[in-house]
Amino acid sequence: MTTIVDIAVNNEGFSTLVTAVTVASLVEALQSPGPFTVFAPTDAAFAKLPAGTITTLVQNVPQLSRILTYHVVAGRYKKADLIGVKSLTTLEGSVIDLNISEQGFEANNATVIAADIEADNGVVHVIDTVMLMRPHWFYPIMESGKVLH
Amino acid sequence: MTTTLLTEQSIKLPSSSHPYADVIHRLEAGGSMLPDTPENLMQIIGLYKAYAVPMDFYWRDLLYIAEQVFLEPLPAFKYFLPQEYLDLPNHYAGDEADLRFWRGQETAHPELLEFMEKGELKTKLPKIFHHLYHDRINMEFAEECMRAMLWHRGLGGELEPFMDSEEYRQNCDRAIRAFFKNNPVMLGLYKLFPEMFLEQCRQSTMTSVLGLFWEIMAPVFFEMSDIYDEGGFKGVPDAMDFLANGIFAIAGRPIYHRVKVGGEWLDIVPKSKGFTWLYEAAFPYVEAVFYRTSPFRGTKSYNAQAHEIPTDQNDFHYGILYADKFPVGSAGIPPTLLHQDMYHFLPQYLVDYYKQFCRGEDDTLIQLAVSFQRSMFNVTSAVIQAGRAAFLYPLDDPNPQHLLANRHYFEGQLNRFCNPKYGMDKASRLDMVQDQNYR
Chain C
3 MTTIVDIAVN NEGFSTLVTA VTVASLVEAL QSPGPFTVFA PTDAAFAKLP
53 AGTITTLVQN VPQLSRILTY HVVAGRYKKA DLIGVKSLTT LEGSVIDLNI
103 SEQGFEANNA TVIAADIEAD NGVVHVIDTV MLMRPHWFYP IMESGKVLH
Chain U
152 MTTTLLTEQS IKLPSSSHPY ADVIHRLEAG GSMLPDTPEN LMQIIGLYKA
202 YAVPMDFYWR DLLYIAEQVF LEPLPAFKYF LPQEYLDLPN HYAGDEADLR
252 FWRGQETAHP ELLEFMEKGE LKTKLPKIFH HLYHDRINME FAEECMRAML
302 WHRGLGGELE PFMDSEEYRQ NCDRAIRAFF KNNPVMLGLY KLFPEMFLEQ
352 CRQSTMTSVL GLFWEIMAPV FFEMSDIYDE GGFKGVPDAM DFLANGIFAI
402 AGRPIYHRVK VGGEWLDIVP KSKGFTWLYE AAFPYVEAVF YRTSPFRGTK
452 SYNAQAHEIP TDQNDFHYGI LYADKFPVGS AGIPPTLLHQ DMYHFLPQYL
502 VDYYKQFCRG EDDTLIQLAV SFQRSMFNVT SAVIQAGRAA FLYPLDDPNP
552 QHLLANRHYF EGQLNRFCNP KYGMDKASRL DMVQDQNYR
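Chains as they are written, first to last, in our numbering: chain C, 3 to 151; chain U, 152 to 590.
The set of hints was computed from the structure by calculation and includes no laboratory data. Take these hints with a grain of salt, some might be off.
Stated by the list, open to error - Taking lysine-lysine and the DSS-like style, the derived pairs with C-alpha atoms no more than 25 Å apart in a straight line are:
no.: 1; chain 1: U; residue 1: Lys-269; chain 2: U; residue 2: Lys-229
no.: 2; chain 1: C; residue 1: Lys-148; chain 2: U; residue 2: Lys-273
no.: 3; chain 1: C; residue 1: Lys-50; chain 2: U; residue 2: Lys-506
no.: 4; chain 1: U; residue 1: Lys-163; chain 2: U; residue 2: Lys-229
no.: 5; chain 1: U; residue 1: Lys-506; chain 2: U; residue 2: Lys-273
no.: 6; chain 1: U; residue 1: Lys-273; chain 2: U; residue 2: Lys-451
no.: 7; chain 1: U; residue 1: Lys-424; chain 2: U; residue 2: Lys-229
no.: 8; chain 1: U; residue 1: Lys-332; chain 2: U; residue 2: Lys-229
no.: 9; chain 1: U; residue 1: Lys-411; chain 2: U; residue 2: Lys-422
no.: 10; chain 1: U; residue 1: Lys-424; chain 2: U; residue 2: Lys-411
no.: 11; chain 1: C; residue 1: Lys-148; chain 2: U; residue 2: Lys-506
no.: 12; chain 1: U; residue 1: Lys-451; chain 2: U; residue 2: Lys-506
no.: 13; chain 1: C; residue 1: Lys-148; chain 2: U; residue 2: Lys-572
no.: 14; chain 1: U; residue 1: Lys-273; chain 2: C; residue 2: Lys-50
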């Protein structure tokens with residue numbers, strides 16, 4: 003059986019993610035039958051975070067776990083299943099906003115650079131940016147900004 | 152995610168038609184709401200330093216109050232910080248820091264210790280005399296900020312729902328029973344009025360949250376002051392970037408509340424809940440303190456028929472970004488008591504600067520209050536830019552749709568300063584801080 007964890011471990015460019023998942027003790031959960039949909043940030047995505055961000059998270063496992071579970075959704079959702087879907091609720095509890103069009107596949111401010119990598123217990127979409135939970139005030143601010151002056 | 156100054160931004164999007172279009176374009180170019188001038192840089196950094204020293208007291212005392220004073224019915228000595236908390240190592244300064252923001256020491260700042268000993272009187276007296284003469288650090292300001300965060304609920308994050316949960320109630324119950332185990336009167340009152348005690352626990356939790364929040368800001372501001380003294384910041388955007396990057400670096404710091412009873416620590420909000428500095432402390436703090444707080448009595452009528460105060464707390468606009476810096480002597484907004492605290496720790500270059508303007512030395516308290524307002528516009532800019540980097544797109548993103556989303560975000564943020572409801576647009580000081588002569 004090839005699990006989501008196996009995909010991350012056996013492919014280049016996910017070493018930070020694998021380390022983070024290991025530190026947060028989420029390996030076993032992501033090896034369970036699931037199924038899960040995982041938005042997997044690459045090493046380059048983690049490298050875009052300012053210095054110290056990962057250090058602080060690795061020092062604080064529950065907080066790291068919260069960020070990581072924001073990248074996991076219960077259920078197996080391939081790109082084709084998500085067309086027309088505006089958002090998905092993550093295991094962390096907050097939602098990820100989706101935007102799938104001819105121009106591409108975006109989750110929040112991350113671009114999916116490789117979609118539909120299938121594992122026996124779910125599907126992996128590779129993203130170029132680490133996603134952070136959008137707070138509740140974000141949406142009214144964006145709506146307010148769309149009003150023309 | 153450092154926001155680098157961009158010069159070709161305007162080529163990709165048409166000019167903004169927002170009333171604060173100049174500020175929008177500046178934000179899109181990686182700047183701050185505050186114009187990039189050497190005078191502004193000097194004022195904001197000087198104030199960060201003057202703020203950091205009392206803040207070193209605030210965070211220590213807030214944690215002392217939350218962890219050890221807790222529900223003490225007559226907390227007459229809660230501002231008498233014990234040595235244990237003066238020596239409490241800051242997690243973000245010193246050699247043993249989890250993440251070192253300031254190259255300095257982890258224990259209380261030397262200028263703070265000197266002031267605590269001699270006060271404004273410059274005389275060593277027993278602590279009680281300094282206290283009664285009000286010659287001390289004004290914790291009333293810190294507590295007012297805490298109350299603003301407690302009162303303006305619904306500011307986001309997971310902590311607030313947790314404070315209404317059965318788990319929180321049980322944690323509080325355990326702590327209350329332990330704290331008053333030798334006090335049958337208080338235990339009897341608890342049985343009669345459990346909700347009142349629970350609300351006091353919530354206030355104590357928010358005290359811990361604010362203490363943990365400021366534990367980080369104090370070394371960040373000290374480091375910024377040191378960098379400036381070495382000539383390290385070229386302009387206001389550099390100072391803003393330092394803050395924005397710091398916000399990211401520390402975003403995952405745990406937010407918790409524990410109480411020490413009989414030598415044993417009891418968790419009220421355990422670290423294991425996964426609450427973070429960014430979502431459960433920083434965002435609620437900025438919203439409650441910089442934007443909202445509550446109107447100072449005497450400036451607004453509390454009569455409901457007068458319609459001077461919004462019925463919706465989301466429309467409250469009495470924070471530092473809207474404050475008339477008249478020194479009314481309050482702990483709230485304008486925070487004269489904080490200004491008084493900062494007055495004791497101004498760097499010499501700001502003391503000399505203030506002497507040149509208005510009524511010179513007599514006017515220093517108001518001038519520094521305006522500088523503080525400028526510095527908080529810069530902190531708010533850092534939060535806005537950090538939010539843009541975290542939730543949206545880089546400033547040099549090649550996709551015009553992404554740049555448009557960034558613009559909607561910036562314009563939405565600045566709309567808060569030009570809303571005619573309740574005169575928010577007139578109260579806002581954003582237009583005034585654009586002018587160097589506002590002092």
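So, going through the hints one by one against the coordinates:
no., hint, in the structure
1, Lys-269/U - Lys-229/U, "19 Å, holds"
2, Lys-148/C - Lys-273/U, "56 Å, violated"
3, Lys-50/C - Lys-506/U, "45 Å, violated"
4, Lys-163/U - Lys-229/U, "56 Å, violated"
5, Lys-506/U - Lys-273/U, "22 Å, holds"
6, Lys-273/U - Lys-451/U, "39 Å, violated"
7, Lys-424/U - Lys-229/U, "28 Å, violated"
8, Lys-332/U - Lys-229/U, "21 Å, holds"
9, Lys-411/U - Lys-422/U, "15 Å, holds"
10, Lys-424/U - Lys-411/U, "19 Å, holds"
11, Lys-148/C - Lys-506/U, "45 Å, violated"
12, Lys-451/U - Lys-506/U, "33 Å, violated"
13, Lys-148/C - Lys-572/U, "19 Å, holds"
14, Lys-273/U - Lys-50/C, "50 Å, violated"
The structure does not agree with the numbered hints 2, 3, 4, 6, 7, 11, 12, 14 stated previously, though it agrees with the rest.
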